[in-house]
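Trainee: Whenever a hint applies, use it, and build me the whole structure from the sequences.
Protein chains in written order, with the UniProt record's numbering: chain A, 1 to 330; chain B, 1 to 330; chain C, 1 to 330.
Hints were generated in silico from the structure; no laboratory data involved. Take these hints with a grain of salt, some might be off.
Stated by the list, open to error - Straight-line alpha carbon distances no greater than 25 Å define the calculated BS3-like cross-link-like pairs of lysine-lysine that follow:
id : chain 1 : residue 1 : chain 2 : residue 2
1  : A       : K41       : B       : K71
2  : B       : K273      : A       : K42
3  : A       : K41       : B       : K41
Said to hold, decoys possible - Partner residues aside, some chain A positions facing chain C, computed with beta carbon under 8 Å:
id : residue
4  : K42
5  : P44
6  : R61
7  : S65
8  : E67
9  : R247
10 : H262
11 : Q263
12 : P286
13 : V310
14 : T311
15 : V314
Glycine is no exception: its CB is placed at the ideal position from the N, C-alpha and C atoms.
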Amino acid sequence: MATATWTRRHILSLADFTSDEYNAILQTALSFRQVLNSRTKKVPALQGQVVANLFFEASTRTRNSFELAAKRLSADTLNFAPGSSSLSKGETILDTAKTYLAMGTDMMVIRHQQAGVPQAIASEMDRLNTKVSVLNAGDGQHAHPSQALLDLFTICRLLDPDNPRIELLEGKKIAIVGDILHSRVARSNIWSLTAIDAELHLVSSPTLLPQYFKCFGEGRPGKLFLHWELEPALKDADFVMTLRLQRERMTQHLLPSLREYHQYYGITRDRLKLCKPDVKILHPGPVNRGVELSSELMDDPEFSLISQQVTSGVAVRMALLYLIGGGKQE
Amino acid sequence: MATATWTRRHILSLADFTSDEYNAILQTALSFRQVLNSRTKKVPALQGQVVANLFFEASTRTRNSFELAAKRLSADTLNFAPGSSSLSKGETILDTAKTYLAMGTDMMVIRHQQAGVPQAIASEMDRLNTKVSVLNAGDGQHAHPSQALLDLFTICRLLDPDNPRIELLEGKKIAIVGDILHSRVARSNIWSLTAIDAELHLVSSPTLLPQYFKCFGEGRPGKLFLHWELEPALKDADFVMTLRLQRERMTQHLLPSLREYHQYYGITRDRLKLCKPDVKILHPGPVNRGVELSSELMDDPEFSLISQQVTSGVAVRMALLYLIGGGKQE
Amino acid sequence: MATATWTRRHILSLADFTSDEYNAILQTALSFRQVLNSRTKKVPALQGQVVANLFFEASTRTRNSFELAAKRLSADTLNFAPGSSSLSKGETILDTAKTYLAMGTDMMVIRHQQAGVPQAIASEMDRLNTKVSVLNAGDGQHAHPSQALLDLFTICRLLDPDNPRIELLEGKKIAIVGDILHSRVARSNIWSLTAIDAELHLVSSPTLLPQYFKCFGEGRPGKLFLHWELEPALKDADFVMTLRLQRERMTQHLLPSLREYHQYYGITRDRLKLCKPDVKILHPGPVNRGVELSSELMDDPEFSLISQQVTSGVAVRMALLYLIGGGKQE
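Mentor: The structure is reproduced here in structure tokens:
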């Protein structure tokens with residue numbers, strides 16, 4: 001699919017993404033990744049358009065990544081701060097979104113602690129016959145599509161720097177380790193990494209990896225496996241994705257101590273020996289050093305793709321804004 | 001009055017506005033409203049100028065509206081966040097304003113919980129012989145001129161889309177319903193809507209509409225009426241403005257329950273039958289659905305002007321910044 | 001030294017600054033000061049570059065000054081808000097900085113409550129072979145170089161408006177009065193004001209001016225004097241710098257009441273008579289009026305350079321970003 005034929009207005013979940021769509025994003029992101037290395041870094045693609053970052057759940061890192069992506073496309077950005085907003089005055093979320101619509105917003109980047117809010121806003125925008133696009137920047141435990149897409153871009157670009165495409169994943173083995181249950185990052189990655197004939201292995205403690213996750217693999221081209229122990233998942237793995245461990249899970253009795261977690265599921269140099277020799281590690285950040293993975297591994301450019309993920313994040317978000325914004329790159 | 005002859009430096013209150021000034025704003029806002037519909041959306045009128053949003057009282061909606069207006073005129077914007085500011089270090093408000101003056105601010109958009117702060121800062125700027133303009137974005141219960149001007153623009157543009165002017169209000173009947181006593185929006189609208197030979201009807205409970213409001217109508221071209229019951233105000237009305245009900249008024253024993261308020265003063269489809277058939281409803285937002293007006297009316301484009309008010313807000317604020325900034329539109 | 005030969009990548013402290021470096025900054029700041037007076041105010045020097053304001057310690061004033069400087073050089077800016085950031089999620093400061101590096105940040109402006117954080121980040125950026133520049137915007141009680149440089153620019157520009165240079169300080173007498181012990185502003189000014197053969201007099205109570213400050217003067221071209229009483233420091237002084245008094249010092253029993261402080265060390269019109277007739281007063285702001293100096297003196301343009309310091313701040317910060325950014329001014 002050429003970029004010119006992109007038709008999706010909103011990016012809410014990767015559940016129904018086609019290979020053509022994945023590849024359109026990967027190829028567009030590649031061209032923006034090259035713009036980032038050039039001297040100018042900016043393109044006028046979205047000049048005059050307004051991107052509103054409606055982060056009902058606070059986040060500096062992801063908001064800054066979207067904001068920078070928008071600015072490099074020459075869009076104007078608005079930032080919504082939940083603390084001082086009209087929400088505390090009794091306004092509904094849909095009314096807040098409609099206010100930004102009426103102000104002239106062209107694209108809304110939405111993060112919310114409740115799953116489904118970006119979808120609800122997108123439906124309302126369509127019902128009102130607007131052309132506004134909604135980009136899910138993380139909703140509850142449901143989805144975080146731009147994170148999974150930047151993970152995909154990071155992996156595929158490593159496999160073929162000049163021509164990243166989802167078919168490169170065929171036959172690869174990827175392990176996702178950590179708090180799968182509460183992770184929107186894991187859920188979005190499950191969709192993208194089973195969209196092709198790859199092997200995806202999920203690993204966690206029984207409290208954080210319910211058996212119903214098996215259903216996500218049904219009818220997908222890829223194969224999905226669940227493990228409560230690390231070793232079978234790491235065996236001959238090409239990529240290991242670690243997830244952020246939220247410390248509040250321990251007070252909820254879902255986890256033992258951080259030290260014990262590291263002992264069972266932490267990625268160390270020793271454990272990496274089970275994997276393919278050229279295995280690479282990903283992490284969506286921010287990292288608890290010494291918990292999800294050992295501090296030295298995180299900093300080892302031979303294994304860690306973490307900083308490349310952040311850089312890819314800006315390029316992939318530029319691609320998403322560009323594709324759904326219908327801009328013409330000059 | 002042609003735009004070229006605009007002389008007012010600050011916009012603090014509408015108390016002494018002339019019809020010529022209202023019309024200069026309405027006509028300038030119309031031209032910017034058309035820019036907003038064009039592909040480019042931006043004009044270089046205020047390039048290099050600095051607009052500082054000094055919001056001592058937090059507000060996302062109004063600040064974003066002013067910020068977007070400034071950006072579409074190509075100005076640079078600075079945002080002042082009271083929480084983390086030098087105010088907590090013992091600095092006076094005038095010294096804060098003088099710091100922004102010294103940084104090179106050209107226009108200050110000021111919101112403060114105390115009435116009179118924008119006026120005090122404007123006086124200080126004049127006393128220091130600066131050319132800085134001050135725009136009151138809401139001070140205590142005193143004034144919120146840009147809100148009343150966007151209400152006026154919304155109404156007049158409905159009456160004549162190609163030539164909005166204040167004279168279109170002649171002979172019209174407008175009702176303002178709600179917490180008049182504490183509302184800066186009501187006070188500013190009283191000035192604009194009595195500046196011409198129209199009928200303005202204020203409605204609220206006795207606790208929220210003191211008799212001294214009659215004085216605001218004295219010597220004005222328009223006629224001002226006060227009511228404690230809704231029906232006579234709605235009878236044959238052309239426009240109904242509802243005000244936001246602040247929930248804290250109930251703990252102050254100024255109001256019964258929300259349900260009782262809605263029963264007495266809430267605008268419903270049934271009550272609208274008292275008005276002219278083509279009556280329109282305005283609300284400054286954010287709305288408490290089902291309190292000030294019924295949820296279905298709020299969403300009915302046949303009656304509700306609410307989203308047009310928000311859109312007009314950006315155009316009117318562009319007009320204000322443009323006129324007081326002395327910019328030349330290209 | 002011509003601007004073209006500037007080699008320093010980071011601005012962390014003034015301890016080892018050369019006269020040539022001071023003069024390169026003063027001359028570059030002068031040219032930007034003139035840009036600020038022109039109609040356009042903006043230069044495209046840093047177009048496409050990203051300046052990240054990482055203010056781990058909240059500050060509106062300094063952040064806005066750096067932000068405006070960056071915007072006037074046409075850079076894109078990112079603002080990091082510690083409250084809602086990944087720091088609260090267990091990320092280390094170096095990892096936060098590396099995330100901004102990976103996003104494509106070219107310059108980091110860093111404020112932190114702990115001394116040494118900007119240095120640590122700069123070392124890490126160098127260790128990683130990046131070209132990222134770090135600008136210390138205040139770290140604990142260690143240094144605040146941009147403040148001392150804007151003080152220097154304000155003084156030298158007064159002495160020769162067309163050719164500010166550090167040599168103009170030769171033979172001048174400068175007094176710094178206030179809470180020297182806890183002041184990063186004082187420490188940075190001690191480095192710049194002893195870099196030339198001037199007389200620098202520090203004045204405070206014994207609790208706020210330990211004897212070890214004498215060491216800062218050793219081996220420096222300038223002469224450093226310590227006083228516990230105001231009079232000998234003010235005698236024939238050309239410039240008096242007052243420091244902000246932090247109210248929390250009183251609860252720490254380091255100070256008597258504000259009134260007593262003002263009685264002993266407050267600068268008043270009467271006490272200024274001890275100084276040279278054309279003495280000038282500086283203060284980094286925000287000022288506690290009637291404590292560090294009398295309210296009327298603060299507003300007297302014959303004596304006070306305070307608002308010129310703020311204006312100089314934007315020009316000096318433009319110069320710093322320009323010089324370390326290696327931009328070409330057009």
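Trainee: Next step is simple, just say for each hint if it's right about the structure.
Mentor: These are the hints, each one checked on the structure:
1. For the hint linking K41(A) to K71(B), the alpha-carbon distance of about 21 Å falls within 25 Å, and the restraint holds.
2. Restraint check: the Cα-Cα separation between K273(B) and K42(A) comes to about 55 Å, which exceeds 25 Å; the hinted pair is violated.
3. The straight-line distance between the Cα atoms of K41(A) and K41(B) is roughly 23 Å, inside the 25 Å bound, and the hint therefore holds.
4. Interface hint status for K42(A): upheld, as the beta-carbon distance to the closest one in chain C is roughly 5 Å, under 8 Å.
5. The beta carbon of P44(A) is not positioned within 8 Å of any beta carbon in chain C (closest approach about 12 Å), and the interface hint is therefore violated.
6. The beta carbon of R61(A) comes within 5 Å of a beta carbon in chain C, closer than 8 Å, and the hint placing it at the interface holds.
7. The interface hint given for S65(A) is met, as the beta carbon of that residue sits about 6 Å from the closest beta carbon of chain C, less than 8 Å.
8. Satisfaction of the interface hint for E67(A) is found here, the shortest Cβ-Cβ separation to chain C being roughly 7 Å, below the 8 Å cut-off.
9. A hinted interface residue such as R247(A) counts as satisfied when its beta carbon comes closer than 8 Å to some beta carbon of chain C; here the least separation is about 7 Å, so the hint holds.
10. Checking H262(A) against chain C by beta carbon gives a least distance of about 13 Å; that is not within 8 Å, so the hint is violated.
11. The restraint placing Q263(A) at the interface with chain C is violated, with a minimum CB-CB distance near 18 Å, outside the 8 Å limit.
12. For P286(A), the interface hint holds, the least distance from its beta-carbon to any beta-carbon of chain C being 3 Å, beneath 8 Å.
13. Look at V310(A): its Cβ gets to within about 3 Å of chain C, closer than 8 Å, so that hint holds up.
14. Interface hint status for T311(A): upheld, as the beta-carbon distance to the closest one in chain C is roughly 5 Å, under 8 Å.
15. Annotation: V314(A) was flagged as interfacial toward chain C, and the flag holds, the nearest CB pair being 6 Å apart, inside 8 Å.
Against the hints set out earlier in the document, violations occur for numbers 2, 5, 10, 11.
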